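These are the residues of each chain, in order.
2 protein chains.
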Amino acid sequence: MVKEITIIRYGHREERDKRVTSHCCLVARAFGAKRIIVCGPKDKGLEKSFDKVNLNWGKGTSLGASGNWKAEIRKQKARGAKIVHLTMYGIPLGRQIEKIRKEKKVAVLIGSQKVPREAYGLADYNVSVTMQPHSEVAALAVFLHELMQGKELEAKFRGAKIEVVPQERGKKTKKRF
Amino acid sequence: MVKEITIIRYGHREERDKRVTSHCCLVARAFGAKRIIVCGPKDKGLEKSFDKVNLNWGKGTSLGASGNWKAEIRKQKARGAKIVHLTMYGIPLGRQIEKIRKEKKVAVLIGSQKVPREAYGLADYNVSVTMQPHSEVAALAVFLHELMQGKELEAKFRGAKIEVVPQERGKKTKKRF
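From first to last, the protein sequence lines are chains C and H.
For the first sequence, this note's numbering assigns the number 3 to the initial residue and increments by one for each residue that follows.
For the second sequence, this note's numbering assigns the number 3 to the initial residue and increments by one for each residue that follows.
The reader is advised that the hints may include incorrect statements.
The list cannot tell twin chains apart, which means a pair is met if one copy fits it or any two copies do.
To be verified - Here are the simulated lysine-lysine pairs, DSBU-like style, with alpha carbons at most 35 angstroms apart:
id: 1; residue 1: Lys153; residue 2: Lys163
id: 2; residue 1: Lys158; residue 2: Lys77
id: 3; residue 1: Lys173; residue 2: Lys5
id: 4; residue 1: Lys173; residue 2: Lys153
What the hints contain is simulated information worked out from the structure, not anything from laboratory work.
Here the structure is a predicted model, which is why all the values come from computation and not from measurement.
The whole structure should be built from the sequences, with the hints applied where relevant.
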């Protein structure tokens, strides 16, 4: 069973990728990853808004930055993590997920700009979430959803100041401030 | 069984939402929706790049625009579609998906800016994909993945000029030009 999930986001162009990288971080957190490493220039705005989510909604994923994606992959490998590269060119998710669920540590590589060819060789698994062009945010979410077998859907976060109380209509929250 | 899926994207601010709306359109297509209606100003750039994807990768989803999200919902209801509003405040996906799978036509409402309170009342189902703040792109993908029961993962698109040939390492495509 997977006990530790790391996300490595390859590339982050501060202006162009701002909202998409932020969505990647939020998905990593909502779907149970331990950490996300954004490879690109340090983005103070991103860190600040993500900290605020962890503060209000409960401590989830930690956010780190790295200037060198390859060093990050090597580091994860040295820690015993298997590298899962999400790419539309890989082997379909349904054929690989059972095997991946048996790994102890998993590091998931997702792109923004085109990921260098090298990544395909460094990965232990190249996994496609559909064989169509779409979104790294979507691919990450569906992959983690399958990895977690849906357990993330009703997960509670420790230390949350705000918590949703599910409603058929409207919005209800519990607040602890 | 659901035979027709429409996506209604509430709000699209041309500069700020450009890439995220584009991801929504691509996810709608990759995960089997018939159409996506973007409610906001017409965005020629978005249409052009989406047309290109349909042209190269096979005809999937059609993209429409609407100036009035509520009129769009009424129109879908009149056509017999049930409205599914994806919101972190709704009832968790796992508790609702079986019932929704039995509907014939489904229109999925996703936000960008905050969706007006009214939407919660207009919806037949308010559904949460985790109870945490994250991404409408991710919520849409996981919802459609569950609705399709994973059938989208290896779906082929008619008339595709380019098709992925899944590989353990590297990229391979079949091209018909």
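These are the hints, each one checked on the structure:
In this assembly of identical chains, Lys153 and Lys163 lie within 35 angstroms of each other by CA distance solely inside one copy; the values are 21 angstroms within and 39 angstroms between copies. For the homomeric pair Lys158 and Lys77, the shortest alpha-carbon distance inside one copy (30 angstroms) is at most 35 angstroms, but the shortest distance between copies (37 angstroms) is not. In this homomeric assembly, Lys173 and Lys5 come within 35 angstroms of each other (Cα to Cα) both inside a single copy, at 33 angstroms, and across copies, at 30 angstroms. When the C-alpha separation of Lys173 and Lys153 is checked against a cutoff of 35 angstroms, the pair qualifies both within a copy, at 22 angstroms, and between copies, at 32 angstroms.
Violation of the numbered hints given earlier is absent; every hint is satisfied by the structure.
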